[in-house]
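Chemist: Given chain A, work out where chain B should sit, using these hints.
2 protein chains.
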Amino acid sequence: MQMNSIQKLFGIQYPIVQGGMIWCSGWKLASAVSNAGGLGLIGAGSMYPDVFREHVKKCKEATQKPFGVNIPLIYPQTEDLIDIILKEKVPVVFTSAGSPKKYTGLLKENGIKVAHVIANSKFAVKCEEAGVDAIVAEGFEAGGHNGYEETTSMALIPAVRRETDIPLIAAGGIATGRGMLAAMALGADGVQIGSRFAATKESSAHDNFKQAIVQAKEGDTMLSIKKLIPVRLIKNTFQQEISEMEFNGASNEELVEKLGKGRAKLGMFEGDSEEGEFEIGQISSIIDSIQPAGKVVEKIITEYKEALNDIQSFKSL
Amino acid sequence: MQMNSIQKLFGIQYPIVQGGMIWCSGWKLASAVSNAGGLGLIGAGSMYPDVFREHVKKCKEATQKPFGVNIPLIYPQTEDLIDIILKEKVPVVFTSAGSPKKYTGLLKENGIKVAHVIANSKFAVKCEEAGVDAIVAEGFEAGGHNGYEETTSMALIPAVRRETDIPLIAAGGIATGRGMLAAMALGADGVQIGSRFAATKESSAHDNFKQAIVQAKEGDTMLSIKKLIPVRLIKNTFQQEISEMEFNGASNEELVEKLGKGRAKLGMFEGDSEEGEFEIGQISSIIDSIQPAGKVVEKIITEYKEALNDIQSFKSL
Numbered sequence: 160m161q162m163n164s165i166q167k168l169f170g171i172q173y174p175i176v177q178g179g180m181i182w183c184s185g186w187k188l189a190s191a192v193s194n195a196g197g198l199g200l201i202g203a204g205s206m207y208p209d210v211f212r213e214h215v216k217k218c219k220e221a222t223q224k225p226f227g228v229n230i231p232l233i234y235p236q237t238e239d240l241i242d243i244i245l246k247e248k249v250p251v252v253f254t255s256a257g258s259p260k261k262y263t264g265l266l267k268e269n270g271i272k273v274a275h276v277i278a279n280s281k282f283a284v285k286c287e288e289a290g291v292d293a294i295v296a297e298g299f300e301a302g303g304h305n306g307y308e309e310t311t312s313m314a315l316i317p318a319v320r321r322e323t324d325i326p327l328i329a330a331g332g333i334a335t336g337r338g339m340l341a342a343m344a345l346g347a348d349g350v351q352i353g354s355r356f357a358a359t360k361e362s363s364a365h366d367n368f369k370q371a372i373v374q375a376k377e378g379d380t381m382l383s384i385k386k387l388i389p390v391r392l393i394k395n396t397f398q399q400e401i402s403e404m405e406f407n408g409a410s411n412e413e414l415v416e417k418l419g420k421g422r423a424k425l426g427m428f429e430g431d432s433e434e435g436e437f438e439i440g441q442i443s444s445i446i447d448s449i450q451p452a453g454k455v456v457e458k459i460i461t462e463y464k465e466a467l468n469d470i471q472s473f474k475s476l
Numbered sequence: 160m161q162m163n164s165i166q167k168l169f170g171i172q173y174p175i176v177q178g179g180m181i182w183c184s185g186w187k188l189a190s191a192v193s194n195a196g197g198l199g200l201i202g203a204g205s206m207y208p209d210v211f212r213e214h215v216k217k218c219k220e221a222t223q224k225p226f227g228v229n230i231p232l233i234y235p236q237t238e239d240l241i242d243i244i245l246k247e248k249v250p251v252v253f254t255s256a257g258s259p260k261k262y263t264g265l266l267k268e269n270g271i272k273v274a275h276v277i278a279n280s281k282f283a284v285k286c287e288e289a290g291v292d293a294i295v296a297e298g299f300e301a302g303g304h305n306g307y308e309e310t311t312s313m314a315l316i317p318a319v320r321r322e323t324d325i326p327l328i329a330a331g332g333i334a335t336g337r338g339m340l341a342a343m344a345l346g347a348d349g350v351q352i353g354s355r356f357a358a359t360k361e362s363s364a365h366d367n368f369k370q371a372i373v374q375a376k377e378g379d380t381m382l383s384i385k386k387l388i389p390v391r392l393i394k395n396t397f398q399q400e401i402s403e404m405e406f407n408g409a410s411n412e413e414l415v416e417k418l419g420k421g422r423a424k425l426g427m428f429e430g431d432s433e434e435g436e437f438e439i440g441q442i443s444s445i446i447d448s449i450q451p452a453g454k455v456v457e458k459i460i461t462e463y464k465e466a467l468n469d470i471q472s473f474k475s476l
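Chains as they are written, first to last, in our numbering: chain A, 160 to 476; chain B, 160 to 476.
Looking at chain A on its own, in the form it has when it is part of the complex (with noise of 0.2 Å):
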């Protein structure tokens, strides 16, 4: 069997992986993925050291295929996820938000795979020369925090491909095999999938934002508090307010007053639909059930095939 740069690295049947989202993708989420045959992520963001120690040593016993672990470099006790993840032997780890030169070096030498994720191809440069094994590009649509640029999946592949020519794993508006196929067009080797994950049995969520996933429609999200660091959530109580602020010119202490602490798990943890933060991406608005993982990654494999031979079939150019 022929394999792509992704398949490779990582060990894994379909260069797809499931985005490590904070309060959705713990061991149960991650285990089913690799199990199914994509690369599961453990979202440590949202996760005490002891408790992400816990996930990765469940995760480990759930799946003897390669699994990693998302760490959002912004972590607070960053040093000791990486301690866990060295003494655990976690066989890959994502990175972003932060620098990737600070722990690319030391987990390679540790035999540990590592990506960065990115949203512009100077970044995409940077890690290049950071050593990083593959890079995710991730668009303007995806679900939670993202870039100042608001550059989309459609102009970032490109731009990003034509920079680097390592691994390159496309975010941001996948969630379907057709969403995949286009990514692999537009020049990625693999696809990073968040918010279909979000919305299986074996998200960690709370089943309100399992829920409002389902029926969020076009339009229902927004990339919003842009003056602190943006951040794509579902219109709600919340979101309204703080956005009506930001346009009326409020100052970043009173947005950051506005935000308080927690907001996230109290969404997407505890399922407060008004008061909390839903991330999710705008592909949302094509996700219309809650499935088990494995089933969503045997789609989307059927769905791409499927999509690959209606384009074979169109041979009219």
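No lab work stands behind these hints: they were computed from the structure.
Just to be clear, a hint being listed does not mean it is correct.
Taking lysine-lysine pairs in the DSSO-like style, the calculated list, with each CA pair at most 30 Å apart, reads [as the list claims (entries may be wrong)]:
no.: 1; chain 1: B; residue 1: Lys464; chain 2: A; residue 2: Lys464
no.: 2; chain 1: A; residue 1: Lys386; chain 2: B; residue 2: Lys260
no.: 3; chain 1: B; residue 1: Lys458; chain 2: A; residue 2: Lys394
no.: 4; chain 1: B; residue 1: Lys281; chain 2: A; residue 2: Lys464
no.: 5; chain 1: B; residue 1: Lys260; chain 2: B; residue 2: Lys376
no.: 6; chain 1: B; residue 1: Lys376; chain 2: B; residue 2: Lys248
no.: 7; chain 1: A; residue 1: Lys458; chain 2: B; residue 2: Lys464
no.: 8; chain 1: A; residue 1: Lys217; chain 2: A; residue 2: Lys167
no.: 9; chain 1: A; residue 1: Lys394; chain 2: B; residue 2: Lys285
no.: 10; chain 1: B; residue 1: Lys458; chain 2: A; residue 2: Lys376
no.: 11; chain 1: B; residue 1: Lys167; chain 2: A; residue 2: Lys385
no.: 12; chain 1: A; residue 1: Lys385; chain 2: B; residue 2: Lys394
no.: 13; chain 1: B; residue 1: Lys385; chain 2: A; residue 2: Lys394
no.: 14; chain 1: B; residue 1: Lys261; chain 2: A; residue 2: Lys167
no.: 15; chain 1: B; residue 1: Lys464; chain 2: A; residue 2: Lys385
no.: 16; chain 1: A; residue 1: Lys386; chain 2: B; residue 2: Lys417
no.: 17; chain 1: A; residue 1: Lys386; chain 2: B; residue 2: Lys187
no.: 18; chain 1: A; residue 1: Lys248; chain 2: A; residue 2: Lys219
no.: 19; chain 1: B; residue 1: Lys417; chain 2: A; residue 2: Lys385
no.: 20; chain 1: A; residue 1: Lys376; chain 2: B; residue 2: Lys261
no.: 21; chain 1: B; residue 1: Lys261; chain 2: A; residue 2: Lys285
no.: 22; chain 1: A; residue 1: Lys281; chain 2: B; residue 2: Lys458
no.: 23; chain 1: B; residue 1: Lys260; chain 2: B; residue 2: Lys216
no.: 24; chain 1: B; residue 1: Lys386; chain 2: A; residue 2: Lys417
no.: 25; chain 1: B; residue 1: Lys394; chain 2: A; residue 2: Lys394
no.: 26; chain 1: B; residue 1: Lys167; chain 2: A; residue 2: Lys464
no.: 27; chain 1: A; residue 1: Lys376; chain 2: A; residue 2: Lys424
no.: 28; chain 1: B; residue 1: Lys216; chain 2: A; residue 2: Lys376
no.: 29; chain 1: A; residue 1: Lys224; chain 2: A; residue 2: Lys167
no.: 30; chain 1: B; residue 1: Lys281; chain 2: A; residue 2: Lys394
no.: 31; chain 1: A; residue 1: Lys248; chain 2: A; residue 2: Lys385
no.: 32; chain 1: B; residue 1: Lys385; chain 2: A; residue 2: Lys417
no.: 33; chain 1: B; residue 1: Lys248; chain 2: B; residue 2: Lys167
no.: 34; chain 1: A; residue 1: Lys219; chain 2: A; residue 2: Lys261
no.: 35; chain 1: B; residue 1: Lys281; chain 2: A; residue 2: Lys458
no.: 36; chain 1: B; residue 1: Lys376; chain 2: A; residue 2: Lys385
no.: 37; chain 1: A; residue 1: Lys281; chain 2: B; residue 2: Lys385
no.: 38; chain 1: A; residue 1: Lys376; chain 2: B; residue 2: Lys385
no.: 39; chain 1: A; residue 1: Lys386; chain 2: B; residue 2: Lys376
no.: 40; chain 1: A; residue 1: Lys260; chain 2: B; residue 2: Lys216
Modeler: What follows is chain B alone, placed relative to chain A:
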């Protein structure tokens, strides 16, 4: 030769439509694209009726192939343009910025093919009800005026595709054959390309604008003036000043006053790089040269075939 729905509908060799752009697409550009096998559009939005009539007549002399016009329905003398279209027997009309119910019936009774531009699937359904022949789904990354919901092409194309079966043209973020293949993978039957054709020899834009497109990098455009009517512009003095005002909570009246009249003409036609508007899409970041329009069409088709070939050789799924 097997042809798809867009090729059949317009009677064109390639399912590539050149976007009808103000100050860029007169008869020279439209006829060059049509002669190269695509569908060229005259952008009526920046033309007085008499000027428009001249462009239509010259376009008919310059090409034997189908061509069309784009009419923003907010244009103050739309009735006059429609009269000219009927008298001159323009074969194809793209309408935007208004209700597709208004003129679709009249145009179709006169044997004219009608497409309408939308930015969400709700309006796509309204277009189908109004009897249009095709829909243009325009994503957030597109240049010029844009929707309020900010849905990107990756999310918009599949969302529209599942709501309607009528011929679908994807717009926004497409400048290459790889972009075209991605749009087709997502469910489009054809593509509308603007930015790439704005930077051609036949484009009537000022050379300063063409050079700005060639020089633009990721993050150099921004969807701006959202409180009035969102428009994607290259960042310059005017764009920065009005964005700053908006950021600080300026009123609509203050923004209207700052905008003034004729900003688009001042920029795109007269070449004022600092005080004028340069309306262009995000994909300008990968446009590096000013080419003849026919060469652009040819290159897109070559790239499309290459990309299809690359994708086909990836057999491992």
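Chemist: Check the hint pairing Lys281 of chain A with Lys458 of chain B against an upper bound of 30 Å on the C-alpha distance.
Modeler: holds, 26 Å
Chemist: Could you grab the alpha-carbon distance between Lys219 of chain A and Lys261 of chain A and see if it respects the 30 Å cut-off?
Modeler: Holds, because 26 Å separates the two Cα atoms, which is no more than 30 Å.
Chemist: Take a quick look at whether Lys248 of chain A and Lys385 of chain A sit within 30 Å of each other, Cα to Cα.
Modeler: The hint is violated at about 37 Å.
Chemist: Please verify whether Lys458 of chain B and Lys376 of chain A have alpha carbons no more than 30 Å apart.
Modeler: violated, 37 Å
Chemist: Would the hint linking Lys376 of chain B and Lys248 of chain B be met if the CA-CA limit is 30 Å?
Modeler: Roughly 41 Å separates the two Cα atoms, so the pair is violated.
Chemist: Between Lys281 of chain B and Lys394 of chain A, is the straight-line Cα distance small enough, at 30 Å or below?
Modeler: holds, 18 Å
Chemist: Between Lys386 of chain A and Lys260 of chain B, is the straight-line Cα distance small enough, at 30 Å or below?
Modeler: Violated: Lys386 of chain A and Lys260 of chain B sit about 40 Å apart, past 30 Å.
Chemist: Mind checking the alpha carbons of Lys386 of chain A and Lys417 of chain B for me, to see if they're no more than 30 Å apart?
Modeler: holds, 23 Å
Chemist: Given the hinted pair Lys386 of chain A and Lys376 of chain B, is their alpha-carbon gap at most 30 Å?
Modeler: Satisfied, since the Cα-Cα distance of roughly 22 Å is no more than 30 Å.
Chemist: Can you confirm whether the C-alpha distance between Lys417 of chain B and Lys385 of chain A stays at or below 30 Å?
Modeler: holds, 23 Å
Chemist: Measure nothing beyond the straight line between the CA atoms of Lys385 of chain A and Lys394 of chain B; if it is 30 Å or shorter, mark the hint as holding.
Modeler: holds, 17 Å
Chemist: Take a quick look at whether Lys281 of chain B and Lys464 of chain A sit within 30 Å of each other, Cα to Cα.
Modeler: Holds: Lys281 of chain B and Lys464 of chain A sit about 29 Å apart, inside 30 Å.
Checked against the numbered hints listed earlier, the structure breaks hints 2, 3, 5, 6, 10, 11, 14, 15, 17, 21, 28, 31, 40; every other hint is satisfied.
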